[in-house]
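Between the sequences and the hints, there should be enough to build the whole structure, so can you do that?
Protein chains in written order, with this note's numbering: chain A, 23 to 273; chain B, 1442 to 1705.
If you're looking for bench data, these hints aren't it; they were derived computationally from the structure. Model, not experiment: these values are computed from the prediction.
Under 10 Å between C-beta atoms, here's a sample of chain B residues computed to sit facing chain A: (1) 1494; (2) 1527; (3) 1529; (4) 1540; (5) 1575.
Here are the simulated PhoX-like cross-link-like pairs (lysine-lysine), alpha carbons at most 25 Å apart as the crow flies: (6) B:1462 with B:1501; (7) A:171 with A:186; (8) A:186 with B:1555; (9) A:186 with B:1501; (10) B:1501 with A:171; (11) B:1695 with B:1462; (12) B:1462 with B:1657; (13) B:1657 with B:1501; (14) B:1695 with B:1657; (15) A:171 with B:1462; (16) A:79 with A:66.
Every residue, glycine too, gets a C-beta built ideally from N, C-alpha and C.
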Amino acid sequence: MRKVTQERALAILSPIAVLVLWQLASDVGLVDQRYVPSPVAIAKAGWSLAATGELEKHVWASLRRLAIGFVLGAVPGILIGIVMGLSRWVRAALDPLVAALYPIPKVAILPLLMLVFGLGDASKVAVVAMSVLFLTIINTTVGVVQLEKIYFDVARNYGTPWYKLFARVILPGALPTIFAGLRISLGVSLVVLVSAEFVAANSGIGYLIWSSWQTLVVENMFVGIIVVTILGVLTTFLLHECERLLVPWRQ
Amino acid sequence: MSTIKIQIDRLAKSFGQEGEKVRALADFTLTVADGEFVCIVGPSGCGKTTVLRIVAGLEKADSGRVDVRPSGTGRPQNAMVFQEHGLFPWMTVEDNVALSLEMRGVSRQERREKVGFFLEMIGLTRFRGHYPHQLSGGMRQRVSLARALMADPEILLMDEPFAALDAQNKLILQDELLSIWEGSQKTVLFITHGIDEAIALGDRIVVMTAQPGRIKAIVPVDFPRPRSAAELRADPRFGALELSIWRMLEDEVKATRARTEGRA
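Below you can see the structure in the form of structure tokens.
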């Protein structure tokens, strides 16, 4: 018990120690403040960005694109993945397509998506959806294919109608693997979203970081980096909670 | 004998692609009476599970037919107790047991009430909210058994349900099954590796040959009921019967071994 408390204390203390060292290094001039501002300077910049409401605007812009894109990629991904997992024929037909499209860096097709969806939010949402889609398809397919044959026998023997086979056997059985895919998708979609916002947006955290770099407001750049990190941690936590609720038998 | 329940007539089944066909089952004919407990023993790969799966409707025979006389009560014809891993890991004990009710569209409220009796019977009332992975192997197979009984089928099909259990648990579950069955009048087809298990449980034992599986002998077991699987073992006639069935099986097991080694 005491050991656990000690470990927890260390886990909290070590980042604080790093921040204090960083601040000291900045203060005595060991770190060049033009490139790496001190924690206090970053906090001040963050505070003033928040006070004007600008930070909030960027956070919401990014979150909205992320959430909509994620759902638009994940839902069809799960559905397509289940069909592919269940039918050898569909799998044979779609596997080569998925295998060919999956490795394309999704940022590489951003210009194409902008051509199709225009300069607004839709292209950013689409690029996130695309990166989520293929990962989800692949993981869902694996999850369904790996379902033990015996589950289908049991379902049949106990007179399971098809819609209950889907809701009570196939989906729950594949859910752990689906969530593994969603977790990876989340990380990837944050990367893709920030990159897209670098070059093709006038709001969002990616835009904040890029425009701060262009105007050499280094503190704001760091604010952006920290905020996007927090976003990543929070959304991962949220997904984890969803998983805990929907996959309670895996704890 | 009483009325006929299951009539299996010259069943045959092969597996595999054209050219590499493996004959799993050949000329399997068996008549099972209503309320009878029939055990099937045989070497691995002799097609005993295939018989069960065909009776259950999970597999189609290449030729031959299975006739089940319906009782006209509207109860499900059969329910299977599968080998280990037959429970859904994502369903609680209660939901697993109530599976047949859920699939028939019985409301959650009603399921909760009905499942109580069976949970009590298998002694797992305290575990109704647990998931299968939180249970021991013996508890899991109890849940499997309760799930099949909850469906209230006319025929209980059991596919080596106790194979993965240790010897003590096996004995306990055999006795539990006997006491449940003796009050139920259900027809049972029970597949097992264990000759002792077959003797302890069955009215008759079907001994099968190695691949392709045919019936080598049908041995009646006339120990009086109600039986106790544990006490029966003390009877000298038990050992004699076990030995005589083993003699029949021995050649078949050796034949299977020779074949698999020849292939390797």
